[in-house]
Amino acid sequence: GALVYQYPRRTICKSGTSMRMECQAVGFQATSVAWYRQSPQKTFELIALSTVNSAIKYEQNFTQEKFPISHPNLSFSSMTVLNAYLEDRGLYLCGARYTSNTEVFFGKGTRLTVV
Amino acid sequence: SQWGEENLQALSIQEGEDVTMNCSYKTYTTVVQWYRQKSGKGPAQLILIRSNEREKRSGRLRATLDTSSQSSSLSITGTLATDTAVYFCATPQGSALGRLHFGAGTQLIVIP
Chain D
1 GALVYQYPRR TICKSGTSMR MECQAVGFQA TSVAWYRQSP QKTFELIALS
51 TVNSAIKYEQ NFTQEKFPIS HPNLSFSSMT VLNAYLEDRG LYLCGARYTS
101 NTEVFFGKGT RLTVV
Chain V
1 SQWGEENLQA LSIQEGEDVT MNCSYKTYTT VVQWYRQKSG KGPAQLILIR
51 SNEREKRSGR LRATLDTSSQ SSSLSITGTL ATDTAVYFCA TPQGSALGRL
101 HFGAGTQLIV IP
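Listed in order, the protein sequences are those of chains D and V.
Note that the numbering used here gives residue 29 to position 29 of the first sequence, counting from 1, and the numbers run on in steps of one.
Note that the numbering used here gives residue 69 to position 69 of the second sequence, counting from 1, and the numbers run on in steps of one.
It cannot be assumed that every hint is accurate.
What the hints assert, rightly or not - Here are some chain V residues pointing at chain D (derived, C-beta under 7 angstroms):
1. 8
2. 41
3. 42
4. 43
5. 45
6. 86
7. 98
8. 99
9. 102
10. 105
These are calculated hints, taken from the structure and not from any lab test.
Fair warning: this is a prediction, and the values are worked out from it, not measured in the lab.
All residues carry an ideal CB built from backbone N, CA and C; glycine is no exception.
Next comes chain D alone, as it looks inside the complex (with noise of 0.2 angstroms):
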């Protein structure tokens, strides 16, 4: 089956720093992959979406400055949060997908805590 793996499962980083996490599809080829940050009060921000072989596009409110994006090869993506502050806690999912038309599989996340 389709499954997404992401780690570190939580993690906690002092304000200012920076902190990546990484995502892995096992089972299929993730030619997109979105990241989407999660508040607590489970409302979804959609970070940016990068497509294999095209340019990475990021949403409004978020930029590559930011939150750099890796997405080297069909299984695996990364997204680094420089310069962590309290505004950047939540849990940080990531979505792949084969095609545009297929389904979408989410990781269990990465809980960011910033102190």
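With the hints as your guide, set chain V onto chain D.
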């Protein structure tokens, strides 16, 4: 926001009862997806319903889509305690499914 509901809704019911959760959306869409997110997990797709399908069933689940009222619903019959989760509706942003706009969600608690 794409969705009419801005805050997480909460529902608490007894096991065995039926439940219906609703979403209303603002911008035209041809696809609505329903996701379930259990505690400590990522969202998992339950049903995808398209604008040419007014209703779609999967086991105890039934989704509807009314494009005229721009609303969708998800019903669960004979709920189980294991149905306890947050349920989200989502629409794609743009033509592809990769960029999803999630609704605020409904926290469903099924009491055994």
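Hint-by-hint comparison with the structure:
1. The beta carbon of residue 8 of chain V is positioned within 7 angstroms of a beta carbon in chain D (closest approach about 5 angstroms), and the interface hint is therefore held.
2. Restraint check, residue 41 of chain V versus chain D: the minimum CB separation of about 5 angstroms is within 7 angstroms; hint holds.
3. Of the supplied interface hints, the one on residue 42 of chain V holds, with its beta-carbon coming within about 3 angstroms of a beta-carbon of chain D, less than 7 angstroms.
4. Hint on residue 43 of chain V holds. Least Cβ distance to chain D is approximately 5 angstroms, under the 7 angstroms limit.
5. Annotation: residue 45 of chain V was flagged as interfacial toward chain D, and the flag holds, the nearest CB pair being 5 angstroms apart, inside 7 angstroms.
6. With its C-beta approaching chain D no nearer than about 6 angstroms, residue 86 of chain V sits inside the 7 angstroms limit, and its interface hint holds.
7. The interface hint given for residue 98 of chain V holds, since its Cβ lies 4 angstroms from the closest Cβ of chain D, which is under the 7 angstroms cut-off.
8. Of the supplied interface hints, the one on residue 99 of chain V holds, with its beta-carbon coming within about 5 angstroms of a beta-carbon of chain D, less than 7 angstroms.
9. Against a cut-off of 7 angstroms between C-beta atoms, the interface hint on residue 102 of chain V holds, since the closest Cβ of chain D lies about 4 angstroms away.
10. For residue 105 of chain V, the interface hint holds, the least distance from its beta-carbon to any beta-carbon of chain D being 5 angstroms, beneath 7 angstroms.
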